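Enquirer: Each chain, letter by letter, is given below.
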Amino acid sequence: DAMVIQNPRYQVTQFGKPVTLSCSQTLNHNVMYWYQQKSSQAPKLLFHYYDKDFNNEADTPDNFQSRRPNTSFCFLDIRSPGLGDAAMYLCATSRDRAWQETQYFGPGTRLLVL
Amino acid sequence: RKEVEQDPGPFNVPEGATVAFNCTYSNSASQSFFWYRQDCRKEPKLLMSVYSSGNEDGRFTAQLNRASQYISLLIRDSKLSDSATYLCVVNDGDSGYALNFGKGTSLLVTP
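One line per chain: the protein sequences are A and B, in this order.
The numbering of the first sequence is the numbering used here, which starts it at 1 and goes up by one.
The numbering of the second sequence is the numbering used here, which starts it at 1 and goes up by one.
If you're looking for bench data, these hints aren't it; they were derived computationally from the structure.
Fair warning: there could be bad hints in the mix.
[Stated by the list, open to error] Here are the computed lysine-lysine pairs in the PhoX-like style, where the Cα-Cα straight-line distance is at most 25 Å:
#1 Lys44(A) x Lys79(B)
#2 Lys103(B) x Lys45(B)
#3 Lys52(A) x Lys79(B)
#4 Lys42(B) x Lys79(B)
#5 Lys52(A) x Lys103(B)
#6 Lys38(A) x Lys103(B)
#7 Lys45(B) x Lys79(B)
#8 Lys52(A) x Lys42(B)
[Stated by the list, open to error] DEER-style ranges, computed between Cβ atoms:
#9 Ser22(A) x Arg41(B): 37 to 45 Å
#10 Phe15(A) x Asn22(B): 23 to 31 Å
#11 Ser40(A) x Ser28(B): 27 to 35 Å
#12 Glu5(B) x Asp53(A): 44 to 52 Å
#13 Asn65(B) x Leu112(A): 26 to 34 Å
#14 Cys40(B) x Thr60(A): 38 to 46 Å
#15 Thr60(A) x Asn27(B): 37 to 45 Å
#16 Ala67(B) x Trp99(A): 15 to 23 Å
#17 Ser49(B) x Asp51(A): 22 to 30 Å
Please read all numbers here as calculations on a predicted model, not as lab measurements.
Quick reminder that beta carbons are idealized off the backbone N, C-alpha and C, glycines included.
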């Protein structure tokens, strides 16, 4: 059974048109993360929620925002997508925010910006 | 300096071969270490955690050398289905929870 679900799997948007990516989890984990992975590169952490507490990475552009309305769902909003934002966006969860916790990844949403 | 460095490969090996991947990390405060497997256009999936004493899971053996800040993954008796990218992942020694990923090592197992 899927534990971390991402929708849609593929998203096409236009340059500058806001887009929202969705992630849900059935694990009841406290922490939800969003990563960006560009072609042939390592996943890069954008931000994470620890329960309701939002934590932005220092180099995440302001164009990227996130919402977590409840434990199960987390959204990634890209306010004005640029061509450089085309990437795979990975959602991950962990039970807690500690060094020994395993992160579980969803299947990802591949974003194409035209 | 990159946090986690891996040889990108590709490693092309015949079925049945033994192959080893290496990884180095820069932050001596890191405490948890993982190997993830990522198939083309799919999400990373945890292959195994890496413990100080080394650990084995079937055909896969992981080793950690904290003094040298070095991690390895050995795959014995390679199968066609082992073809994938193997990501070395290390927790951020400063924040604790954040993961630093290597760019991955590509493995292609051929008949």
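Enquirer: Tell me the numbers of any earlier hints that the structure contravenes, in ascending order.
Expert: Per hint list: 1, 3, 5, 8, 9, 10, 12, 13, 14, 15 violated.
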